[in-house]
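Enquirer: Chains as they are written, first to last, in the working numbering: chain V, 1 to 221; chain U, 1 to 221.
It should be emphasised that the hints constitute simulated quantities derived from the structure, not laboratory data.
Among the clues, some could well be false.
Because identical chains cannot be distinguished in the list, a pair is counted as satisfied if it fits within a single copy or across any two copies.
Said to hold, decoys possible - For lysine-lysine, the following DSBU-like pairs were computed, each having C-alpha atoms within a straight-line distance of at most 30 Å: (1) LYS74 x LYS51; (2) LYS13 x LYS118; (3) LYS192 x LYS13; (4) LYS118 x LYS74; (5) LYS111 x LYS192; (6) LYS74 x LYS111; (7) LYS51 x LYS13; (8) LYS51 x LYS118; (9) LYS74 x LYS13.
Remember, predicted model here, so these are calculated numbers, not experimental data.
Here are the chains, one letter per residue:
Protein chains: 2
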Amino acid sequence: MPKSQVFSIPALKRMPAYLRELRNLQRAGRPQATSPILAQALRIDAISVRKDLEMIGAIGSPGIGYAVEPLIDKIENFLGWKNASEAFLVGTGHLGTALLGFRGFEDYGLKIIAAFDKGPIPAGTTVHDVPLFDFSEFRHLAGRLQIHMGILCVPDDAAQEVAEQMVDAGIIAIWNFTAHTLQLPENIIRQKVNLAGDFAVLSVRLAARLRELEVVKEETV
Amino acid sequence: MPKSQVFSIPALKRMPAYLRELRNLQRAGRPQATSPILAQALRIDAISVRKDLEMIGAIGSPGIGYAVEPLIDKIENFLGWKNASEAFLVGTGHLGTALLGFRGFEDYGLKIIAAFDKGPIPAGTTVHDVPLFDFSEFRHLAGRLQIHMGILCVPDDAAQEVAEQMVDAGIIAIWNFTAHTLQLPENIIRQKVNLAGDFAVLSVRLAARLRELEVVKEETV
Numbered sequence: 001m002p003k004s005q006v007f008s009i010p011a012l013k014r015m016p017a018y019l020r021e022l023r024n025l026q027r028a029g030r031p032q033a034t035s036p037i038l039a040q041a042l043r044i045d046a047i048s049v050r051k052d053l054e055m056i057g058a059i060g061s062p063g064i065g066y067a068v069e070p071l072i073d074k075i076e077n078f079l080g081w082k083n084a085s086e087a088f089l090v091g092t093g094h095l096g097t098a099l100l101g102f103r104g105f106e107d108y109g110l111k112i113i114a115a116f117d118k119g120p121i122p123a124g125t126t127v128h129d130v131p132l133f134d135f136s137e138f139r140h141l142a143g144r145l146q147i148h149m150g151i152l153c154v155p156d157d158a159a160q161e162v163a164e165q166m167v168d169a170g171i172i173a174i175w176n177f178t179a180h181t182l183q184l185p186e187n188i189i190r191q192k193v194n195l196a197g198d199f200a201v202l203s204v205r206l207a208a209r210l211r212e213l214e215v216v217k218e219e220t221v
Numbered sequence: 001m002p003k004s005q006v007f008s009i010p011a012l013k014r015m016p017a018y019l020r021e022l023r024n025l026q027r028a029g030r031p032q033a034t035s036p037i038l039a040q041a042l043r044i045d046a047i048s049v050r051k052d053l054e055m056i057g058a059i060g061s062p063g064i065g066y067a068v069e070p071l072i073d074k075i076e077n078f079l080g081w082k083n084a085s086e087a088f089l090v091g092t093g094h095l096g097t098a099l100l101g102f103r104g105f106e107d108y109g110l111k112i113i114a115a116f117d118k119g120p121i122p123a124g125t126t127v128h129d130v131p132l133f134d135f136s137e138f139r140h141l142a143g144r145l146q147i148h149m150g151i152l153c154v155p156d157d158a159a160q161e162v163a164e165q166m167v168d169a170g171i172i173a174i175w176n177f178t179a180h181t182l183q184l185p186e187n188i189i190r191q192k193v194n195l196a197g198d199f200a201v202l203s204v205r206l207a208a209r210l211r212e213l214e215v216v217k218e219e220t221v
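Input sequences plus hints: build the corresponding full structure.
Expert: Below, the structure is given as structure tokens:
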């Protein structure tokens, strides 16, 4: 994979769905997957499937499709999910604690090996079996364990400062679960999940729809 | 608020951040908030702040800004967060269970009042204190309790079928935590959180960056 290559984000986001479908086929004892079969499972068209898979270097045979097992390998390697990605999580409030308890991360090779919060934290403290440390130890541990990915779950108003300290400690990729848009050097990789923001959109739209329905109801009574 | 009004999604997503900042000011005993102060907290410009707040009908006084308490009220009312939104959650695997345990939802007025999964489920079963029912009871309970919002956490390959049944039962808004893009009638409100997809993007980018750094390191040795 040439380092200058640019990947399509929607295609990247579909990779876990391809994996799921291919594993289903594997379990069903099917050695081959055609692009129409994958297309149907993902509810996209077969041309998009072929483009997505070409992006990671997989070319199907005309009329036969893709060999299931090698394609699973290829996608897992592409995503780096064969070797678990290790990450540190910072902020063990409601959301951080929920994420530490979320076993599903392991399905996609993410292993949270330590969590951090403001001290003092008694030695031996764990949250859902993940060891918890004082954030002052973050830099030392990230360096020693060669951790490059951080999951940020601190209160919004602490997000910027904590993220800067994570970057100083060698973190290159931040999964940001705060509502704050981080201002960081260009070369820091970021992915944001804004649950409160998403929920705001959903609730405003629902409230508007319910008012519309109410109007319709009044008019028909 | 006229029912035909269209809201800016980025502005909607900023509303929780305004609320947070206004509550901070309130706690600090500050009765007024100027647009530059809010702009700084949200790291956007003051003109955007004024536009965002105008969208919900709040107009600041020149040189004085906005009265903090009425503005908090206005945003909370706009978001419908004053009266908790009640929702049903379907699918109590890893993610569904984590969400049921996430106390932070209550901060933004979301109350998950029941969870559902495939039966048989013994009477009195709860997950993080939320009562769990057989999905076959969904329609009956949604109608009786007038629930319009559903949180979807089932396995990806069940997402479409379960979502259709939720819609049949009167659900109008679906917060979709599966990787599956739902095919539903236009008038059903949807918000998607694809954690596996987001993580795929993050890990591929991190892997590419680490390869680049490796190349640089080899070249400088």
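Enquirer: Now, for every hint given, state plainly whether the structure supports it.
Expert: Each hint, compared with the structure:
When the C-alpha separation of LYS74 and LYS51 is checked against a cutoff of 30 Å, the pair qualifies only within one copy, where the shortest distance is 15 Å, while the shortest distance between copies is 48 Å. For a Cα distance limit of 30 Å, the shortest separation of LYS13 from LYS118 across copies, 28 Å, qualifies, whereas the shortest one inside one copy, 34 Å, does not. When the C-alpha separation of LYS192 and LYS13 is checked against a cutoff of 30 Å, the pair qualifies both within a copy, at 14 Å, and between copies, at 12 Å. Proximity of LYS118 and LYS74 under a CA criterion of 30 Å is satisfied in neither setting, with 41 Å inside one chain copy and 34 Å between copies.
Within a single copy, LYS111 and LYS192 get their C-alpha atoms as close as 19 Å, and across copies as close as 24 Å, so both meet the 30 Å cut-off. For the identical chains of this complex, LYS74 and LYS111 are intra-copy neighbours only, at 21 Å inside a copy versus 42 Å across copies, given an alpha-carbon limit of 30 Å. Only within a single protomer do LYS51 and LYS13 lie at most 30 Å apart by alpha-carbon distance; the minimum there is 14 Å, versus 33 Å between protomers. In this assembly of identical chains, the alpha carbons of LYS51 and LYS118 never lie at most 30 Å apart, being 47 Å within a copy and 37 Å across copies at closest.
For the identical chains of this complex, LYS74 and LYS13 are intra-copy neighbours only, at 15 Å inside a copy versus 37 Å across copies, given an alpha-carbon limit of 30 Å.
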